[in-house]
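Asker: Sequence order for the protein chains is E and A.
Numbering follows the working numbering, in which position 14 of the first sequence is assigned residue number 276; successive positions increment by one, without gaps.
Numbering follows the working numbering, in which position 122 of the second sequence is assigned residue number 384; successive positions increment by one, without gaps.
What the hints contain is simulated information worked out from the structure, not anything from laboratory work.
Be careful, since some hints might not be right.
Because identical chains cannot be distinguished in the list, a pair is counted as satisfied if it fits within a single copy or across any two copies.
Straight-line distance between alpha carbons at most 25 Å, and here's what the computed DMTMM-like set of lysine to aspartate or glutamate pairs gives [to be verified]:
hint, residue 1, residue 2
1, K365, E286
2, K365, E283
3, K339, E266
4, K339, E307
5, K365, D375
6, K339, D312
7, K365, E266
There are 2 protein chains.
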Amino acid sequence: MGGERGILLFAHGSRDVRWREPVEAVARRICERDPAAQVACAYLELVAPDLPTAAAQMVAGGARSVRVVPLFLGMGKHLREDLPLLLEQLRTAHPAVDFSLRKAVGEEPELIDLMARIALAQG
Amino acid sequence: MGGERGILLFAHGSRDVRWREPVEAVARRICERDPAAQVACAYLELVAPDLPTAAAQMVAGGARSVRVVPLFLGMGKHLREDLPLLLEQLRTAHPAVDFSLRKAVGEEPELIDLMARIALAQG
Numbered sequence: 263m264g265g266e267r268g269i270l271l272f273a274h275g276s277r278d279v280r281w282r283e284p285v286e287a288v289a290r291r292i293c294e295r296d297p298a299a300q301v302a303c304a305y306l307e308l309v310a311p312d313l314p315t316a317a318a319q320m321v322a323g324g325a326r327s328v329r330v331v332p333l334f335l336g337m338g339k340h341l342r343e344d345l346p347l348l349l350e351q352l353r354t355a356h357p358a359v360d361f362s363l364r365k366a367v368g369e370e371p372e373l374i375d376l377m378a379r380i381a382l383a384q385g
Numbered sequence: 263m264g265g266e267r268g269i270l271l272f273a274h275g276s277r278d279v280r281w282r283e284p285v286e287a288v289a290r291r292i293c294e295r296d297p298a299a300q301v302a303c304a305y306l307e308l309v310a311p312d313l314p315t316a317a318a319q320m321v322a323g324g325a326r327s328v329r330v331v332p333l334f335l336g337m338g339k340h341l342r343e344d345l346p347l348l349l350e351q352l353r354t355a356h357p358a359v360d361f362s363l364r365k366a367v368g369e370e371p372e373l374i375d376l377m378a379r380i381a382l383a384q385g
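This is chain E alone, in the form it adopts within the complex (with noise of 0.2 Å):
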């Protein structure tokens, strides 16, 4: 709770539990490494809460900063024009915190290199 550093994790979202659990480990394990940090997950689509709402909730909890982390290992075109667009009226309708968006978890060279590692590991 509290904290002004807050950090959404955006993610696809599915009817099945359990497609969420991965999403759900990144906020926890952020939580662990940084327990001042205000981390909340947010969804595409058929998971509660969506983007807004779930911005809007950090706002509310203290937080003076989002940055907002897609979970998506590709950005399709839908995605990359389309969240622009979402946190431009995140930052209209709380002009007074600072978001910022970061590029999708796929495009990290570290995250392609440790994929690769574990397609080759054995066992």
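Dock chain A against the given chain E, drawing on the hints supplied.
Answerer: Relative to chain E, chain A alone:
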């Protein structure tokens, strides 16, 4: 080309060409790390080849073992139930080949931890 050990990266697929970039980047990284492996990508939907086609090409290319690695963050019920059946079909179609199915990369603790670190990183 060649390579008795095959690694098949299995991803969701999207009409957007750029969506596939991370998947293809993982394939290239595997080739760099292990030039002796035969690596290919296959998709659940919207992009060719599908899994049976890619597996058949790999076997025709000399693969004696094929490891299927799901590049999914979350595996929905559909995939959890359908992918093992797809594997059974591959084993029936290519009885001389040793097929194995890895868990989804999103279930690997190392990947969860890296996504948490990416979310926390400055810049």
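Asker: Hints first: check each against the structure and report whether it holds.
Answerer: Tested hints:
Taking identical chains as interchangeable, the C-alpha atoms of K365 and E286 lie at most 25 Å apart whether they share a chain (19 Å) or sit on different chains (18 Å). Proximity of K365 and E283 under a CA criterion of 25 Å is satisfied in both settings, with 21 Å inside one chain copy and 14 Å between copies. Within a single copy, K339 and E266 get their C-alpha atoms no closer than 32 Å, and across copies no closer than 37 Å, so neither meets the 25 Å cut-off. For the homomeric pair K339 and E307, the shortest alpha-carbon distances inside one copy (16 Å) and between copies (17 Å) are both at most 25 Å.
Both within a single protomer and between protomers do K365 and D375 lie at most 25 Å apart by alpha-carbon distance, with minima of 17 Å and 17 Å respectively. Taking identical chains as interchangeable, the C-alpha atoms of K339 and D312 lie at most 25 Å apart whether they share a chain (19 Å) or sit on different chains (22 Å). In the homo-oligomer, the alpha carbons of K365 and E266 lie at most 25 Å apart inside one protomer (22 Å), although the nearest pairing across protomers, at 37 Å, exceeds that limit.
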